[in-house]
Amino acid sequence: MIKLNKISKVYRTKTIETTALNEIDLHIPKGEFLSIMGPSGCGKSTLLNIMGLLDEPSDGSILVSGQSIKNYASRETSKFRNQKLGFIFQSFHLIPDLSVLDNVELPLLYRNVSSKDRKQMASAALESVGLANRKSHFPSQLSGGQKQRVAIARAIVGNPEIILADEPTGNLDSVMGNEVMDILTKLNTQNGTTIVMVTHDESMAKKTHRLVRLYDGSQVA
Amino acid sequence: MISNYLKLAWRMLGRNKFFTFISLFGISFTLGILMVILSFLQSELGTNRPLTHKNDFVVVNMLTLKTEFFDTIVGVDTSFIDSKMVLDSTLEIKSSGSMQWNSEMNNGIAEEYLSDLPSAEKMTVFIEHSEYDVYINGVKLKLHSLHGDVNYWDLIDHQILDGRVFDKAEFDQAAKVVVISDKTALNYFGKTTGVVGNEMLLDGLNYKVIGMYKHFGKIVPYVSPDVVLPYTCAQLDNQDSFYHGFFCTLFKKKSGVSSEKLKEEIKYAASTIPMDHPSKPEGYEQLEFNPATYDEVFAQAIYYEREASKSLWIAKWILISLMSFFIVLPTLNLINLNVSRILDRSSEIGVRKAFGAHKGNIVAQFVFENVLQTLLGGLIGLGLAVFLIKLINKSGFIRNAILELSPNFFLYSFLVTLLFGILSGLLPAIKMSKLQIVNALKENKL
Amino acid sequence: MIKHVFKLLWNKKGSNALMALEIFLSFIVLFFVLSYLFFNLDRVNQTLGFETENVWMIEMDAIDKLDSLEAVTTLQNLKRNLINLKEIESVSFTESIAPFKGNQWRTGTDDNGFNMNTLMCPVDTDLLATVGLNVVQGRWYTEEDLNETIKPIVVNQAFIDRYYPDKSMIDSIFILNGDRRLIGVIDEYRYIGEFADSEPTVMELTDYFQNMGNVLLKMKGDIPTSFEEELYNLTNTTIKSTSNTITTLEYERAKDSNESWVLIVALLFICGFLCINVALGLFGVLWYNINKRRSEIGLRQALGAHSIDITKQFILEILLLTLLAVGLGIFFAIQIPLLKVTEYPDSLFYRSILFSTLIIFLLVITCALFPSVQAARISPADSLHED
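Protein sequences appear in the order of chains A, B and C. Numbering-wise (our numbering), the first sequence opens with residue 1 and increments by one. Numbering-wise (our numbering), the second sequence opens with residue 1001 and increments by one. Numbering-wise (our numbering), the third sequence opens with residue 2001 and increments by one.
If you're looking for bench data, these hints aren't it; they were derived computationally from the structure. Mixed in with the good hints there might be a few duds.
Said to hold, decoys possible - Partial list, computed: chain C residues near chain A (C-beta under 10 angstroms): (1) K2007; (2) P2122; (3) D2382.
All C-beta atoms in this analysis are idealised placements derived from N, C-alpha and C, irrespective of residue type, glycine included.
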């Protein structure tokens, strides 16, 4: 599903050159639930961004869903992200000025889906995370766990093949974190969605198929 | 506390230079233009020389002869009383129009019937708008003259730079003497010193220059003539008319009485003037004066109403609404900018509140910062205004007007600036002070 | 998309209301300033109907002192003396009504219920040549016209357009201070000034070598002003009075319109400044808002929005806001022509509305473009992980 080939990422400022990733080779088959661990600043998030086509590697090549990416700013890449990928973030990133339903509809807005279908699909997604009764609330009226469930609903509403989750439980207590993990696991087993998750939490990582450890930009396990 | 605020405000200005530029641009331009308008109003309507007694003035610049026509309407109503028809006739008298003749007045009528009013301290009569063409080496010089009496010099407080003004004896003898402005001296003699004692050729007659006063350059009437002569020297051609003539009458009221009282007395005096003089034009039956204060005369030029006080009222509101329209937009603009800028500092507000600042402290701090910024803008605006005023005066863009920079002008400008600063700072500051500590401390993220 | 953007605007109505109010007020200010400007420019652009170039004017003051017989001979002498000068091409006497002098004479006539309100202007036969009037129909006066029993008159086109638009009225007789026969139509004679409206005007041939106010002189080419003194002396000696002044129509024209131009220039200056001010303010606020919404932008890109979508969204947001504000402005502005609040032509206000709308949109789009494009450049990787 995702194939990373000698991926490097170097940040350059005038005075310092920082290597965030150093020749990472990684293959993630379809249907795998992979977790990535490592201390702060080891490059986990950078790796996830590169897999999500949000960031361009300095070196190396990447194949996602059988497609190699050349121009990151092109329409095709946007479309690809929209249809094949779903994102979940540690700090939820819900738009505060939009209601829960509108937030979940967001990915569909960038495809040609009629307003009626959008509502239906978003409602279904919300139902699958157990928030059908919170549609017209605004993010500020929700608890952290609820917010993350909305974010998951938003990630799955477009039926992506891959979900990229950046510390989805990082801002949640263990009860809520477990709830979110359950939803992700269910997605993986029932729908066969490939999931890549960055986490701090050893216990969460244990629930996944495979664990990759990063240290200073290199894969250590 | 203040020095703390000052330091912070100064750093804020430097923090986002682009925003500081936008804010200062708006503030300085707005205030600059306001200051030019202020300077104009101040120059024209302030009580600076030669209009020192302006607020005591009442002007009668028009004598009205009029007749109203009446129609008598006879109405016959029929009504039934006790089942008997009754005719009920009414007579109605309605004004069906009027005929008016407005003109300036004869000096005789003013001196005879208006010179002794109880509320008036002094009165002067003069002819204002005659012009002389004089030629100096083939180049024409147009001179606006004023033919006055001795009292003119007491009412209009001209600054005499050299020589003296004409006296009662010279006035009575119709002596060929003239008092000129320094501007005229420069144009006519090419110099402003030693012109007293020289001769001046006006309308083919030689006049002796006996004094020189400072030219102020105002649009408002009666104060900026180029030459002043005794009106006994004027060639007048309708002295056979008892009513109409060429004269304007200016009163200075006694201190302590109201201008309204003097106006009433003038209106009453009109009714004592006999209407049986043979020079009275055919068909006119009434005589009226329409006295106005000096400000009202000015207002009538903006919006004419026969009732002078109404003119002043309307002109005032036209001016106020135009000015506030002009101020509202930049204020709103600044408020918008400030709201955005202050939001950026929500965590600072959170910290301040967490350490005990209450709402009032926060509001005071932001208003203070904004006032400081406005004062800075006001300073730039002042520079701009001075530049514009110099430019306007030099280019003669507004004909016959010279804008002044007086101490009052700086005071008013400062007050306007302060007001602007408080106004545009208050709303965003209040909005910000309502911020909850917890939210304020949270990072500014989605 | 529009619905989505509208939702965004609506849910942030608090902060958007201030922006909308600012745009609304800008529109109203622009509307009034443009109305005033168009109103005046329309008038300035109309033909005056006469030439001011190389036309001089003598204003005589004290002629009333002479008895009528003496006045007639004096003025005939003056005319002869003036026309004999090699610098002067043509001489025309007018009464106190002369171009740009502020005097006007109006009359209303009721011809069996047909009301005519006209501006009157006493003229002599030489006015045509002196100020270059344009006869569009019929003819101008000749000396013989003075002896006609039914007085002939010449009117301007505005008179015909207002009162007799359908048929040619040449040689018709109607009542206007007595019976009058129409002999000619000139295009215009707007003697009150450049900023005066075009009004029905009647030029009446007057045998007025009795009561003179002003003398108009057509000069042969560009005569230097030094000639004024000679002219002045000649006039003084001929009419034995010294209270005369000499001026040129160019000068009087400039003097007459100075006040209006001062106001127009001042208004345009202030209005231009307001526009720049509002534009900079909008730019600042937009730029700020977009920076504040960095993570939203990153998120949208992660969810599949292309950078063009982002630019489009932000421009759409501000356009929609502007549309609301301007729509409200148009609603108020349009009441003026609809309710006939003023007597001025409706088209004036419609034009101002159109141009105000255009200017506002131009302004807003210019201000929105840069920040919106900037927004699209934000990299999702940076904006989503700002730790």
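Do the hints match the structure? See the list:
1. K2007: holds, 6 angstroms
2. P2122: violated, 74 angstroms
3. D2382: holds, 9 angstroms
Hint check: a violation occurs at hint 2 only; the rest are consistent with the structure.
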